Structure formats: C-alpha cells, structure tokens
Amino acid sequence: MKRILIADDKATGRELLRTILENSGYEVFEAVDGLDVIKQAHEVRPDLMILDLHMPGLDGFGAVAKLRKDAAFAVTPIIALTASAMMGDRERALNSGFSGYVTKPIRLDALRSEIHRMLNEAV
Amino acid sequence: MAAKLPPLKSASTCDNVTSGFWSWTGIPVEERFRELLEAAPDAIMQVDSAGRILLLNRITEEMFGYTREELLGQPVEMLVPAHRRGAHAQHRDGYAAHPSTRPMGAKLKLEGMRKDGRCFPVEISLSPAGAGDDFRTTAIIRDVTERQEAEDHLRAVREEYTRELEQRGEQIERANRLKSEFLASMSHELRTPLHTIIGFSELLGEQIQGPLNEKQQRFVNHIHKDSLHLLALINDILDLSKIESGRLALRLETFDFSAVAAESLAFVRTPAEEKSLRIETSLGQPIAMTADRLRVKQILVNLLSNAVKFTPEQGGVHLAARVEMGALTVSVTDTGVGIPRSEHENIFDKFHQVGATTKGVREGTGLGLAITKQLVEEHGGTITVASEPGRGSCFTFTLPLHAVAKAAQ
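Chains as they are written, first to last, in our numbering: chain A, 1 to 123; chain B, 1001 to 1409.
Just so you know, the hints here were simulated from the structure itself, not pulled from any lab data. Keep in mind the model is a prediction, meaning the values are calculated, not measured. Every residue, glycine too, gets a C-beta built ideally from N, C-alpha and C. There's no promise every hint is true.
[Stated by the list, open to error] When the alpha-carbon atoms are kept at most 20 Å apart in a straight line, the in silico DMTMM-like pairs for lysine to aspartate or glutamate are as follows:
#	chain 1	residue 1	chain 2	residue 2
1	B	1225	A	109
2	B	1242	A	89
3	B	1309	B	1388
4	B	1242	A	91
5	A	66	A	36
6	A	10	B	1189
7	B	1179	A	109
[What the hints assert, rightly or not] Here are some chain B residues pointing at chain A (derived, C-beta under 8 Å):
#	residue
8	1184
9	1187
10	1188
Let's have the full structure, built from the sequences with the hints guiding it.
Set out below in structure tokens:
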C-alpha cells in the first residue's frame, strides 16, 4: 500500500484529505505543520506528500526546501496545496521544489488524477 | 492726429539736439530730457570709468534712500551689498573692456542696498557711452521686489502642490497595496472553509461512506452546487477587483483566434447539446492576433455561456468573426429571450441581471458581463449589445488585432 503524508494545520482539511485518499486505497499519515512534516517524513518514508503552503511555524515552502536538501526526499513527489489563487503562485510553488500544485477547494477528480500521475499509476 | 499737434516753434530750438529729437514746445530740449529721466519708473544713473556716480534721477533717490547730494561723486559700490562689492568692481572693469548694451549679470540674482542697509532684488541694464577716460556707463535699475515675491510665492505654492501630489500618490499606492493584500487574504480565508464544504459534500455524494436516501442525496447535491456557485462568485469578485485596481496585467502573445474560438465552443458544447441548441460559426481563415489569450477565451466563454443559458430549447447560437482595418470584430448572436431596450445601458453593470425576461434563469454571478466589458476595454476594445425581447440578442466586441502592452501600474 502506497504511503501518503499530508500536512494541513486544520483538522477538517486533514480529515477531508485522509478520507479521499483512503477511499482510493492509500495509507495516510498526518502532519500539522512544517516541522512535523520533516519529522514524519523520516519516520514514514512516504511515496508522496501533500503540503498546505500556509502553516504556522515552518510553512509549506520552508518544509519543501528542507526536504529537497535531503537526498532521501530529493525526488519524492510533493504536491503544494493552497487556498490562495493569486497569479504567479503556481510558478512560485513549482520553482520552490514542489512537483505539483493543487488549489483549494479541491476537486476530487483533479486531485486523484494528479496523484495517479505522480505515482505513475494507471487511472 | 497730426493736425492736432501744435506747430513747431522754430527750427532753432532743435539746433542743439544731436540725436534728431524735435521739440513741440518752447521748452529747451535739455530740460525735456531731464523730464524724461525724472519721469522714468526705473532708477537711472551714469557712472564714470572709476565707478563714481555722475548722474542720477529722482527714482534712484527713492529706491536707495539717499539724497542726490549723498550720491553724486561717490563710488557706485555704496549701493551694492557689502559682500558683493569686490565682485561688482571687477565686473565694472570687465564691462569697460567689452562695452555693449546688455542686461547685467544675466542668470545672477542681483541685489541693491538701501541707505538703511536693507537689500532688495534688482534687474539692471547697462549701456556704454564715451571712451577711454571719458568712458561712462548708464545703468537702468529696476526694483523687482514685488516680482521676486510673486515668483517666490509661486514657487512655494508649486513646491507645496508637488509635495501634496507626491504624498497623495504614496497614499494611493499604499491603499492599492493594502487592497491587494486584503483581497489576497480574503480570498484565502473564504476558500479555506469552502474547500471542506465542497470536498465533504462531494464525498458524501459519492456515497462511499454509505448510501444516502433520495432526499439526503438531493440535499447534499444542493450544498455542493451552491458552494460551487459561491466559489464562482468569489473568483469573479476577485477578478473584477484585480481589473478595477489596474493590477490585471495582460499577458500578450500572438495566437490564432480561431483556435481560441474552437476551445471556447467546446466549453459550451455539453450544455448546448442538453438543450438541443444549434451552434453555428462563421470564422473563415485563421486569424493571427496579439492579446492575452486566456482573457480573450474568458470573454468568448462568458458570451457563449450567456447565449446558451438564455436561449430556450431548439434555439440557435451563432458565433461570427471578421477582420477589418486592423481590428477583430466578433459577434455572438442567439435566438434567446432578448433584452429590453431600457436594459441595454446597464446590462454591463455589476450584479445587473435582466429581470422579467430571464424567466427564472439565475445561475450566473451577475458579474460575467461586467468582467467581459472590462477585459475587452483592457485590450483597448469596445463591446455593444443589440437585442429585442423575444427576438434574441447579439453581443458584438471589437479588439485591436494587435493589442499594445500598457505601462506597468
């Protein structure tokens, strides 16, 4: 079973993601902020991560920067999740080390196909 | 005129006049020259080669506060502020070396000094006379205190005004920045709860967690549909705010308009098929244009969606485009409900939706046409509507074939 680490400081956001992902047959791990992501990434060794960009303390940008410096996570697919919809946010995320970008509110189909694509799975 | 002048007294009165002046009265010419000198509104004086005052008129006395006796034979430098006296004497020698009639010290701020020590701004014209030891300089001195004051006042007002404008510019810039930050954060704050509302309602609707009865399914569907509508509204408001605050930077590129038209038509194909609408196009050849491709598509999709939305079943929508004199004219015509003439003017207003004629069609955000118009105008184009109730509508917009980038705001 493939492992996905999700990070969102809001519990409802985490529960939503967990449900969607578990329905699709993934094992889900939750982190509440950037530092938690770094800690759990080492413990869990996830196949994919979905990080909210806006988190207290170490945010998504900070977390991905730290992760990419670590050889263990240099190529792990990491998707940015954000409620921001300003022009240039996507470019900024993709230039900061993220492999994908998904906006809130998420559309279930869009998220599922993005994950499949990154894990090289058949849809 | 000439007939009214008194006759010449005699030629002899003019004998002493070297410069060809004629006297109309018996008064000697010399006396009349004295009158002329005394009547002049400027101070006039003559100075010899050593800089001593030889001659002066009445205004000179008034202007500098000395009597004639106090000035005659004295060095002219006594009328110059102490700190300028040395330079003045040098300039005087320089003038004797290259005499000509000219203003003194052009571009310099000249000052005179009164007997009481008060200094005042002056303008001086110089004329040479005589030569060698007999070299004399005539100086005409004008007190420009009032003009100087007026200029100083004007400069102060102008500086004040400039400062105020700069301040206001900074305020506007700050307000704009705050508005941008507010929009960004508001958009973020609104989307965060919408994210879970839309996500969970979609999950419930999928019934993976368990079956819903028919009513529950319908309720969940309402929640999902209306939360999507709310999202569209937030997106539209954000879009409009960006356009209105001038922060919508058009990303100009050259592309084929026909391709964008095809993509836009694909966008409305499904809803059109659901209502069995005929969709026709007159696009002709590929049309190369320079514009913001995404925004042009947004304009087209908005107009086509409206046309499909407001056209009853079995009706038709027609998209036509043509190029004329460097401009692209596109029209979207439908056989829909139409718009009364009285509504044509404010159809492009925010949140304006045509009342009675929409027959219950109220899916939109009421911002589509306002955004469409703004996008057309951002490109330097225009949009108009022709419509009659019951006979359909025709929206026509014209864009320059090659939009020019506006200066960054």
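Quick rundown of the hints versus the structure:
1. 1225(B) to 109(A): holds, 16 Å
2. 1242(B) to 89(A): With a Cα-Cα distance of about 15 Å, the restraint between residue 1242(B) and residue 89(A) holds, given a limit of 20 Å.
3. 1309(B) to 1388(B): holds, 17 Å
4. 1242(B) to 91(A): Distance of about 19 Å is within 20 Å: holds.
5. 66(A) to 36(A): The given pair, whose Cα atoms are some 12 Å apart, holds under the 20 Å limit.
6. 10(A) to 1189(B): holds, 12 Å
7. 1179(B) to 109(A): violated, 34 Å
8. 1184: For residue 1184(B), the interface hint holds, since the closest Cβ of chain A sits about 5 Å away, which is under 8 Å.
9. 1187: Since the shortest Cβ distance to chain A is 6 Å, the answer is holds.
10. 1188: holds, 5 Å
Hint compliance for this structure: hint 7 is the single one not met.
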